[in-house]
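Next come the chains, spelled out residue by residue.
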Amino acid sequence: MSKKENPNIHKTTSPPNMKLVKEFRDPETKEVGFKFIDYWISEDKTLFQTHLHYDQLYTWRMGELSPYALGLLDGKLMGTKCPKCGDVFFPPRVNCWNLNCKLMKTEWVELAQTGRVHTYTVAGWSGRSSLKRLPFVLAYVVLDGVTTAIANEIREIKPWDAEFDMPVKVKWVPKEQRIGAITDFYFVPADRWEPSPMNAEKERIKKLCEPVYEWVKTLK
Amino acid sequence: MTETRKVCIVAGNTSPFDYNNYHMTIEGMAANVMHETMEDLPEFLLRDIDFVIYSHFSVHFGKQLAAEWIIHDHLGLVGIPHFRVENGGNTGGSALYAAYCLVKAGMADVCPVIGWETMDNVSQSQGAEFIALAADTRYELLVGGIYPIFYAAGALKWMKENKMTEEDFALIGMKNRNNAMDNPKAQWYRNEHKYLTVDDVMNSRLIAYPLKKYDCCLMTRGLAIVIVCSEEYAKEVAKDSGYVTIDGVGLSSCTIRAGDRTAFPGWTERYGAGYPDLTEFAACRNAAERAYKRAGIEWKDSHKQIDVAEIHDAFSSSECQIYKALGWADTDTIAEFVRNRETFMGGSIPTNPGGGLMGYGHPVGATGLMSAIECFYQLTGKIPQKHLSKKTEVPDARVGLVNSHAGTGTSISNFILRTAEGGR
Ligand SMILES: [Zn+2]
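Sequence order for the protein chains is A and B. Here the first sequence is numbered in the numbering used here, starting from 1 and rising by one per residue. Here the second sequence is numbered in the numbering used here, starting from 1 and rising by one per residue.
Bear in mind the hints are in silico, worked out from the structure with no lab data behind them. Just so you know, not all the hints are guaranteed correct.
[Said to hold, decoys possible] No more than 25 Å apart at the CA atoms, straight line, and that leaves these computed lysine-lysine pairs for DSS-like: (1) A/LYS207 with A/LYS132; (2) A/LYS30 with B/LYS63; (3) A/LYS158 with A/LYS220; (4) A/LYS22 with A/LYS35; (5) A/LYS207 with B/LYS163; (6) A/LYS217 with B/LYS213; (7) B/LYS157 with A/LYS202; (8) B/LYS213 with A/LYS220; (9) A/LYS217 with A/LYS105.
[Said to hold, decoys possible] Label pairs and their in silico Cβ distance ranges: (10) B/GLU161 with A/LYS158: 22 to 32 Å; (11) A/HIS10 with B/SER348: 46 to 56 Å; (12) A/ARG204 with B/VAL78: 25 to 35 Å.
Keep in mind the model is a prediction, meaning the values are calculated, not measured. C-beta: ideal position from N, C-alpha, C; glycine also.
Please model the entire structure based on the sequences and the hints provided.
What follows is the structure in structure tokens.
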């Protein structure tokens with residue numbers, strides 16, 4: 001009995017032949033498994049605590065999302081488009097979100113590298129991996145022609161100068177430093193954009209940022 | 001749907017909520033809180049338990065998978081069925097929802113919900129990053145985003161669209177921390193321990209504009225237990241101490257990435273184009289509609305039909321956004337609603353008299369349960385016994401709302417609790 005192939009099923013190379021390797025591992029990165037590094041006892045000798053270090057590598061298999069990661073290495077923003085309803089997704093969705101499209105497989109499309117700020121914030125604190133970059137502007141940007149908004153940093157701007165609806169463009173980290181992750185690019189103000197004059201709110205944000213700059217200098 | 005059997009809450013307690021000062025294992029906290037619960041409700045026996053729902057968010061904090069097995073075993077409950085619910089910041093609400101469903105369906109009669117988080121096992125910035133693993137790590141986490149940043153980006157646009165100000169948010173940050181000063185288990189009471197002014201909030205350090213440190217919730221070590229049961233059981237053990245019925249429940253969902261809320265087809269169908277955007281909490285509105293409908297509460301002026309609310313104030317801004325999503329105010333009235341202090345003690349709907357996440361604390365898996373417990377205390381006249389004074393008691397409260405909230409609004413539950421007849 002032959003069954004007609006469902007065109008909406010994702011197919012990836014199987015078994016894969018993961019041969020083109022680029023390593024950029026920091027020599028400090030070690031997987032040590034469980035490792036206790038100390039113990040502490042309270043002065044009254046009633047309480048005990050210890051510190052456990054536990055480190056591991058994860059394999060992030062991008063699978064059917066690989067065109068997105070490969071695009072980043074090439075300096076291309078690859079999104080997806082539903083052939084039925086026309087919605088365009090970035091971050092990419094490989095099946096349409098519209099229930100009427102019945103998980104229609106989307107098509108990869110190269111996106112414009114320009115867009116507008118939908119909303120934003122000026123971060124003065126963040127996760128451990130991002131503290132040294134503070135303060136920074138994190139924006140949700142709708143790229144031209146895209147239905148959804150993508151979060152990324154706006155650089156080359158004074159944090160208090162960011163504004164709603166400002167035009168931005170994509171800027172890439174140097175090709176040899178790209179890793180196939182979203183941090184391979186960031187946004188910068190579009191060429192024609194000029195910051196608006198200082199106003200009360202911008203002064204307020206500037207004032208809030210001052211101690212953040214000072215604090216970051218104290219980080220090792 | 002036939003909804004005949006009533007589901008009740010007969011007791012609830014939390015451990016002290018704290019950060020770095022409270023050295024207790026999860027099983028030690030559970031035993032302590034169970035002791036307090038048995039003191040409150042002498043006729044409740046561990047033997048009566050026929051199901052346990054565990055409520056715990058991140059195994060990263062403990063480096064322990066299935067940590068509920070440690071607690072269950074320690075409480076001597078081996079042989080009793082159990083499973084754990086995990087649903088981000090709405091873990092507590094979702095666990096309560098699961099217990100409600102089990103009892104409602106007749107699959108259990110006495111079903112404690114036990115929730116905890118031990119966030120002081122790692123540094124604050126590491127903890128923030130652990131929590132942000134619930135954002136889509138491939139996109140949002142990597143660009144430096146942690147939840148306060150995602151929330152702030154939504155809140156800034158919301159603030160402008162609703163003609164709100166930083167000071168309006170600060171008022172809510174001040175309210176909840178000051179409420180917590182009447183609550184001996186609250187982290188703000190136990191640690192920083194001071195009354196705040198709006199200026200204090202405004203002058204606290206920048207987290208992500210428009211949010212400052214005192215606009216944000218606390219990271220916490222803590223555990224909570226709520227005893228959910230059938231009405232029959234409630235009448236048996238709690239006729240003197242008082243109990244509440246869970247009259248309305250609602251649970252709903254939204255996108256994991258806030259950036260995908262520009263035009264989600266399901267929301268466009270339900271609420272029209274352009275909603276919720278990155279600014280409104282559609283899942284909260286949807287869950288409230290469901291809970292209100294089940295409990296017979298009208299959407300219009302819903303806040304006038306509810307006496308007290310304990311809601312998920314992860315941020316002062318999100319508490320305000322939640323007011324709107326619960327139907328208490330709209331774009332035209334929200335600023336006035338906040339400035340009139342409608343949600344302060346003595347207002348039309350005192351909200352977070354227990355201190356909320358900003359004052360009591362936010363040990364994720366225990367948080368929604370803490371909210372339910374505080375609401376239960378209000379509705380059964382237990383505030384004078386559980387808080388330091390009557391300052392944070394809503395006099396004669398009989399209808400309460402509990403809200404639990406995850407992600408950037410990705411999963412949200414709402415509950416309507418009512419004082420049972422003769423139940424206080
Ligand atoms: Zn489609």
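Hints, verified against the model:
{"no.": "1", "hint": "A/LYS207 with A/LYS132", "in the structure": "19 Å, holds"}
{"no.": "2", "hint": "A/LYS30 with B/LYS63", "in the structure": "18 Å, holds"}
{"no.": "3", "hint": "A/LYS158 with A/LYS220", "in the structure": "24 Å, holds"}
{"no.": "4", "hint": "A/LYS22 with A/LYS35", "in the structure": "29 Å, violated"}
{"no.": "5", "hint": "A/LYS207 with B/LYS163", "in the structure": "22 Å, holds"}
{"no.": "6", "hint": "A/LYS217 with B/LYS213", "in the structure": "20 Å, holds"}
{"no.": "7", "hint": "B/LYS157 with A/LYS202", "in the structure": "15 Å, holds"}
{"no.": "8", "hint": "B/LYS213 with A/LYS220", "in the structure": "23 Å, holds"}
{"no.": "9", "hint": "A/LYS217 with A/LYS105", "in the structure": "49 Å, violated"}
{"no.": "10", "hint": "B/GLU161 with A/LYS158: 22 to 32 Å", "in the structure": "25 Å, holds"}
{"no.": "11", "hint": "A/HIS10 with B/SER348: 46 to 56 Å", "in the structure": "53 Å, holds"}
{"no.": "12", "hint": "A/ARG204 with B/VAL78: 25 to 35 Å", "in the structure": "58 Å, violated"}
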